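Participant: Residue strings, one per chain:
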Amino acid sequence: MAFEIPKTKYTGKIREVTLGKGDKAITVGGETSYPFYLFEGEMPHLPHIAMEVWDCPPGEWPEAALEPFAGVTDDPVAWAKKCINDYGAEMIALQLISTDPNGLDRGADEATEVVKKVADAIDVPLIVWGTANQEKDIEVLRKVAEACQGKNLIIGPVEEGDYKKIGASAIGYQHTVAASTPIDINLAKQLNILLGNLGVTDELIIMDPTVSGIGYGIEYAYSVMERMRMAGLTQEDEKLQFPIICNIAKEVWKTKELHLADDELNMGNAKKRGILMEAMSAMALLLAGGDVVIMRHPEAIKLVREMIAELTA
Amino acid sequence: MILIGENINITTNIAGTAMKERNPEPIQKMAKAEVEAGMDYLDINIGPARKNGEEFMTWMVNTVQQVTDKPLSLDTTNPLAIEAGLKVHKGNALINSISLTRMETELPLVIKYNADMIGLLWGREGMPRDADERAIIAAELMYKANEVGIPNDKIWFDPIATPVVNVDTNQVKPCLEFMSMLQDIAPGCKSTVGLSNISSGAPTHLRPHLNRTYLMMLMKYGLHSAIVDAFDPELIKIARGETPELVNLVHRVMDGEKPDLSSLSEEEVKYVKTVRVLTGETLYSHSWLEL
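Protein chains in written order, with my numbering: chain A, 2 to 314; chain B, 23 to 313.
Since no wrong hints were added, every one of them can be taken at face value.
Straight line, CA to CA, 25 Å or less: simulated BS3-like cross-link-like pairs of lysine-lysine:
1. A:K14 - B:K295
2. B:K51 - B:K112
3. B:K259 - B:K242
4. A:K25 - A:K117
5. A:K117 - A:K22
6. A:K10 - B:K280
7. A:K144 - A:K118
8. A:K303 - A:K272
9. B:K295 - B:K259
10. A:K82 - A:K251
11. A:K10 - B:K295
12. A:K14 - B:K280
13. A:K10 - B:K195
14. B:K112 - B:K92
15. A:K82 - A:K152
Here are the in silico distance ranges between beta carbons for each label pair:
16. A:D203 - B:S202: 38 to 44 Å
17. B:S202 - A:L312: 39 to 45 Å
18. B:E169 - A:G162: 53 to 59 Å
19. A:G173 - B:T99: 53 to 59 Å
20. A:K8 - B:E290: 33 to 39 Å
21. A:E311 - B:S202: 46 to 52 Å
Worth flagging that the hints you see were computed from the coordinates, not collected in a lab. All values reported here derive from a predicted model rather than from experimental measurement. Heads up, the beta-carbon is just placed ideally off N, CA and C, and yes, glycines get one too.
All chains should be built: construct the whole structure from the sequences, respecting the hints.
Facilitator: See below:
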């Protein structure tokens, strides 16, 4: 008898979720096997990379991360356009850093105006990310949802403490929510249930498991994501059959290692180090089941795109 | 099944406060209520009791035994407090618990005071990860206990229930597996379980479903006793064998049967769902009963 390679038996499928509107809308999810296990099932939609744009000039980015965006970091619209036109971004993730009450503490009106301008200027899907300060996020993200009615933004993070208010706005103004939980599969499942009970339809939910970079606990995020896929694909756990979004760039580029100069602590070239740390972290998360990764450096993105192409060739 | 009431516990609101204040009335009231509810033993959990442990346990045993002649289960990690409690305890107490780490000092107390003991299957490196590790710990405890003259029927092994809300440490299956082999490893030894730990972290009003279901699952393997919430009358009915059909349903689901949920009562459906959550077949979430 010929040897047969054992195969995982899948009984579930990840839901397809369409992000954005119009010609440039992107559908993610739909997997019927573990990530890149194309010998066992299908990945009808490849993972996508969203490029990060901040709503205020970044104060503490390493030089290597700033360099590709020289001249546009004080203008979110120009920044987003540069990502799309020069670096081929298929999605933009606008981080509302300026609204942080412990930082610039910009008000909801001002933040909304920026989001509106960016949303009107681009046609690719737009992710809008708050600061995870629930009180402030409720204020800001509800206003954003209203101002951008019908654009199908992806709004996050939506957490257990603010899902009712932000979720209701998302339903009312037709946006997708990024359901965010702190590296815990049971809480992730519970939040998806709560969002469902609230009336958010399954096609408008994407999960944010909370991720961190290599050297900073990426293995925990990896395990939770892996377990989510096991539950969704092999245990018919409908409440975990959602695509996954990973907000990774911020986590990688804030680490101590990426702020060291060339050769400091024998860590080699700073730019190369940053690019590789970002690319490797993002790739690890894609291997765990990420459908959308939010990234920063164009060269890191290029590396990840190449890896995706090779793994799916 | 022997039921040990868990409600006199330093970490609880009413009893805990009274215990710290050495105020006997609320404790005695609680003890009487537990006995009325049908408890065979009352657990006296005074916590680690590093300071004044001896005085504390002595006072507790005297206070509770003034209002009941039920035997007590002396629950602390302080061996001096255990011995102090045993000295004044009338009848045969239960030591809760003895594990590998403190057995040298505590096993002799079982003989000296003619007590029974709970053999807690906690390993030298912490929580056992599977049934085999539990078996190894049980065997070692049993041999050491036998060496000092403790017969097997005085040893009640507790395989340790872990909260189902934490998926990474779900030990339901290993505990059941251990229970199924207990009589081969340790013939004549008894068993018990700190049942409510299974539902720790779950919403309070839903905890009874987890506790009761887990009890029924353990009953499949002849669980001898359980440390329980004395004030869950449904749980007590189950333990007393008054719900044979429900127990049978739970056991069938454990064996892989997939009953037609539409043919079951609302209550039965909840138990079926809970079995699936406990075995890990369905991933736990606080809304598991609604799905």
